[in-house]
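**Q** Dock chain B against chain A, hints included.
There are 2 protein chains.
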Amino acid sequence: MSRLPEVLARLDSAEAEIRGRYFDFLRIPSVSAQPDHAADCRRAAAWLVEELRAIGCTAEIRETRGQPAVVAYHPGPGNGASPVLYYGHYDVQPAEPFELWTSPPFEPTLKEGPNGPITVARGAVDDKGQVMTWLAAMRAWHEVAGGPPVPVRVLVEGEEEIGSPSLDAFLDQHAGELKQARAVVVSDTNMWDPQTPAISARLRGMAYAQIDLYAASRDLHSGLYGGMALNPINLLSKIVAELTDANGRIQLPGFYDAVPEVGGNLDAAWDSLGFDEGRFLGDIGLSVPAGEKGLKPLVRQWARPTCDVNGIWGGYTGPGSKTVIAAEAHAKVSFRLVGDQDPEAVLDSLEAFVKARVPADARVEVQRFASAPPVVVPEDSDEVAAARRALAAEYGREAVLIGSGGSIPVVESFRRILGLDSVLMGFGLNDDQVHSPNEKFDWACLMHGARSHARLLAELGA
Amino acid sequence: MSRLPEVLARLDSAEAEIRGRYFDFLRIPSVSAQPDHAADCRRAAAWLVEELRAIGCTAEIRETRGQPAVVAYHPGPGNGASPVLYYGHYDVQPAEPFELWTSPPFEPTLKEGPNGPITVARGAVDDKGQVMTWLAAMRAWHEVAGGPPVPVRVLVEGEEEIGSPSLDAFLDQHAGELKQARAVVVSDTNMWDPQTPAISARLRGMAYAQIDLYAASRDLHSGLYGGMALNPINLLSKIVAELTDANGRIQLPGFYDAVPEVGGNLDAAWDSLGFDEGRFLGDIGLSVPAGEKGLKPLVRQWARPTCDVNGIWGGYTGPGSKTVIAAEAHAKVSFRLVGDQDPEAVLDSLEAFVKARVPADARVEVQRFASAPPVVVPEDSDEVAAARRALAAEYGREAVLIGSGGSIPVVESFRRILGLDSVLMGFGLNDDQVHSPNEKFDWACLMHGARSHARLLAELGA
Numbered sequence: 001m002s003r004l005p006e007v008l009a010r011l012d013s014a015e016a017e018i019r020g021r022y023f024d025f026l027r028i029p030s031v032s033a034q035p036d037h038a039a040d041c042r043r044a045a046a047w048l049v050e051e052l053r054a055i056g057c058t059a060e061i062r063e064t065r066g067q068p069a070v071v072a073y074h075p076g077p078g079n080g081a082s083p084v085l086y087y088g089h090y091d092v093q094p095a096e097p098f099e100l101w102t103s104p105p106f107e108p109t110l111k112e113g114p115n116g117p118i119t120v121a122r123g124a125v126d127d128k129g130q131v132m133t134w135l136a137a138m139r140a141w142h143e144v145a146g147g148p149p150v151p152v153r154v155l156v157e158g159e160e161e162i163g164s165p166s167l168d169a170f171l172d173q174h175a176g177e178l179k180q181a182r183a184v185v186v187s188d189t190n191m192w193d194p195q196t197p198a199i200s201a202r203l204r205g206m207a208y209a210q211i212d213l214y215a216a217s218r219d220l221h222s223g224l225y226g227g228m229a230l231n232p233i234n235l236l237s238k239i240v241a242e243l244t245d246a247n248g249r250i251q252l253p254g255f256y257d258a259v260p261e262v263g264g265n266l267d268a269a270w271d272s273l274g275f276d277e278g279r280f281l282g283d284i285g286l287s288v289p290a291g292e293k294g295l296k297p298l299v300r301q302w303a304r305p306t307c308d309v310n311g312i313w314g315g316y317t318g319p320g321s322k323t324v325i326a327a328e329a330h331a332k333v334s335f336r337l338v339g340d341q342d343p344e345a346v347l348d349s350l351e352a353f354v355k356a357r358v359p360a361d362a363r364v365e366v367q368r369f370a371s372a373p374p375v376v377v378p379e380d381s382d383e384v385a386a387a388r389r390a391l392a393a394e395y396g397r398e399a400v401l402i403g404s405g406g407s408i409p410v411v412e413s414f415r416r417i418l419g420l421d422s423v424l425m426g427f428g429l430n431d432d433q434v435h436s437p438n439e440k441f442d443w444a445c446l447m448h449g450a451r452s453h454a455r456l457l458a459e460l461g462a
Numbered sequence: 001m002s003r004l005p006e007v008l009a010r011l012d013s014a015e016a017e018i019r020g021r022y023f024d025f026l027r028i029p030s031v032s033a034q035p036d037h038a039a040d041c042r043r044a045a046a047w048l049v050e051e052l053r054a055i056g057c058t059a060e061i062r063e064t065r066g067q068p069a070v071v072a073y074h075p076g077p078g079n080g081a082s083p084v085l086y087y088g089h090y091d092v093q094p095a096e097p098f099e100l101w102t103s104p105p106f107e108p109t110l111k112e113g114p115n116g117p118i119t120v121a122r123g124a125v126d127d128k129g130q131v132m133t134w135l136a137a138m139r140a141w142h143e144v145a146g147g148p149p150v151p152v153r154v155l156v157e158g159e160e161e162i163g164s165p166s167l168d169a170f171l172d173q174h175a176g177e178l179k180q181a182r183a184v185v186v187s188d189t190n191m192w193d194p195q196t197p198a199i200s201a202r203l204r205g206m207a208y209a210q211i212d213l214y215a216a217s218r219d220l221h222s223g224l225y226g227g228m229a230l231n232p233i234n235l236l237s238k239i240v241a242e243l244t245d246a247n248g249r250i251q252l253p254g255f256y257d258a259v260p261e262v263g264g265n266l267d268a269a270w271d272s273l274g275f276d277e278g279r280f281l282g283d284i285g286l287s288v289p290a291g292e293k294g295l296k297p298l299v300r301q302w303a304r305p306t307c308d309v310n311g312i313w314g315g316y317t318g319p320g321s322k323t324v325i326a327a328e329a330h331a332k333v334s335f336r337l338v339g340d341q342d343p344e345a346v347l348d349s350l351e352a353f354v355k356a357r358v359p360a361d362a363r364v365e366v367q368r369f370a371s372a373p374p375v376v377v378p379e380d381s382d383e384v385a386a387a388r389r390a391l392a393a394e395y396g397r398e399a400v401l402i403g404s405g406g407s408i409p410v411v412e413s414f415r416r417i418l419g420l421d422s423v424l425m426g427f428g429l430n431d432d433q434v435h436s437p438n439e440k441f442d443w444a445c446l447m448h449g450a451r452s453h454a455r456l457l458a459e460l461g462a
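Which chain is which? The protein sequence lines are A and B, in order. Note that the UniProt record's numbering has the first sequence beginning at 1, numbered continuously upward. Note that the UniProt record's numbering has the second sequence beginning at 1, numbered continuously upward.
With the rest of the complex left out, here is chain A (with noise of 0.2 Å):
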């Protein structure tokens, strides 16, 4: 008979110790997207290859062309059944603007929130916090039963924040052992709400991009050169300006060729959420939806591509005025792609789209980032219905198959290299502020989330 409901029991008496863990595993600032901490990045790995050696893993580091990673394997009851991949990272965003952290984004700190105890850190919910939820559900497993149900593989990458640049040709070069598993088993993306489970069928796709606009060979005087020379900044502005219309629409030559229209069954599921706008917006302090008009928000979030600039920066930016035409002027834009929307194809577009704007005598570059396909997972199979008895089981009540506006690239990598499709059961809640100051985990979102996995092990298992 199933072990479950004594790992049930360890996992809720062992609140202490998994929050020490986590706490542990927050305090290192492995932000992936500065050189700086590069070595903090790899702490974290062996961090977790010690946690996972600890619950009976055969666990390494492996390098890659970027952040190493992490692998590990447990060959659950030794009953020959084929592996569940378990995938997650552990590197994290950015944590600037720091001024605007009630407390240090790297000293873990547990306070109250609208709906019990939060944890507040860079990464506490993502992915950090969510790689918990399973680590904390294998770890009673084994202490329990000496091991998970169901023989497992744990892939933690470290480049998830910059777009995992170096995970396809990790893919590539241990597809062999990695491609056994039945299928991934992803901790990544949001809840419904507090109360109600997710499965995410759908992530939109990426392209990330930066423009370089250089103009004169230096800085100029606003009144000699006024009317005169080129001003990138005015140049650049109207660029990013005219990718998008007045409707919210992209500009980009054939951008919406590879769009799908959401009708039919999905929107009449979707409409059947009830979601609240202007309480969404409310909770961000805004009241005027944005993005395309006339679609219905869900749409909008998990639908549509969107054009946004991440960053932009050139000229006197100091105390009061300087009157200067400045020499140079810098963007971030990236694109969300939803149906077959190709990433490449989307940046290729951009740069002629830039190109055709400047003039002969201005240089400009477009450095490509990361980019990521859309994918939508299939609802059908026997991982994504075990994942429901689960959360239906946990949370007693159903979950809900949603959208996600985010991107996982791995996703589509998983199947394109490794041809495995991915159950996206997360545990965020939107409230969660990720990528932002105060980033939190609810800590009833991490203790129902790890009872969740446990459950997902045995119905695995079973």
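Keep in mind that a hint or two might mislead.
Where chains are identical, the list cannot tell them apart; a pair therefore holds if satisfied intra-copy or between any two copies.
Said to hold, decoys possible - Below, simulated BS3-like cross-link-like pairs (lysine-lysine); rule was C-alpha separation at most 30 Å, straight line:
(1) LYS355 x LYS293
(2) LYS238 x LYS296
(3) LYS355 x LYS296
(4) LYS238 x LYS293
In short, the hints are calculated from the structure, not lab data. None of the values given here were measured: they were computed from a predicted structure.
**A** Just chain B, lined up with the frame of chain A:
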């Protein structure tokens, strides 16, 4: 008979002393825009007081609402002639970006330029170097003849580079003593070319503002919120882009109502100067004319308004990619003005233009910095005639009457508050890199400028 020949000879023999005092002045980092340089501004004012006392003036620091001013008197020959007011400014632009300087901005360095020796330093020409031209002339007259051949007043302010915000109140307060002067002599403009002296007959005005746009209550994840929440960088880019059209015309309602057309004699006179736009742009690494389409370059530079974004910033500007929608975005925007354009009316119009484009849930502030009305100085005054004689005698060719794209707010203030016209006799060159890294002043320009001022003093005293 005039002692002018001895004065000119004295100047020629005093080059080393002049350079020593000039370099001492340049070593003081009197940056008025940056609060941490307030003490340096006061040091520069004190240095001037000592310099003026050494040449027989009664001189003192006078407090203003901002950086202190320097006021000095010299009775001249005591013949009761009405005095001439010399104006200059000791403050300089910020030196940023420091890394682009080939020598430290506040360690003046003598180098070899295309037309002989040059001094490289912040303020080398604007305006410390130009102030040195008339200080050196007055010192030579003092050493040769015990003083200048005409009574002089001196006013050197410390806020010209931030738009002289305190000067009008200062002129009001001291109008009684200052308005006794017959005219103002200002050296803060350029020659036509290294061989051709110039008197500037028109200055563009300026209106400078900072736009601060605030959207969500925190930075947002561009995946979860892209297509849902206002992106203030996208919006600010659209707003500044809409300030000008594809032909470079500024789109503020009624903006051109007070802008006169250039025609007839003036148009012909400027044509006759044979301005080489290709060379002007080539000197700064450009080749494509900017500004309003279909207008002659000198008309665009001297007689047309402009709109330049002097700085812009928002979101993530570090290395790599961060998928964030920023909570705020900022831009510094300035207009050069001509004809009867009113700076405050232009800023009112800008504020309305911006606010009309911001949705109800965003907050925008338009901070007003410097503003100055355009100025046209009379070309037929006795003092302008005297200056033209002095320049013709020094350079062996007639001075040309030119415009200046830049602004000297105080010239309009002198007329409005003191009823005094100005003579704009300057010795800068277009390639002096004013307001830019590696600002320079040709040594020949400084010495011929000093000799020209010695001659002007003789003309005014005749």
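**Q** Failing hints, ascending?
**A** none
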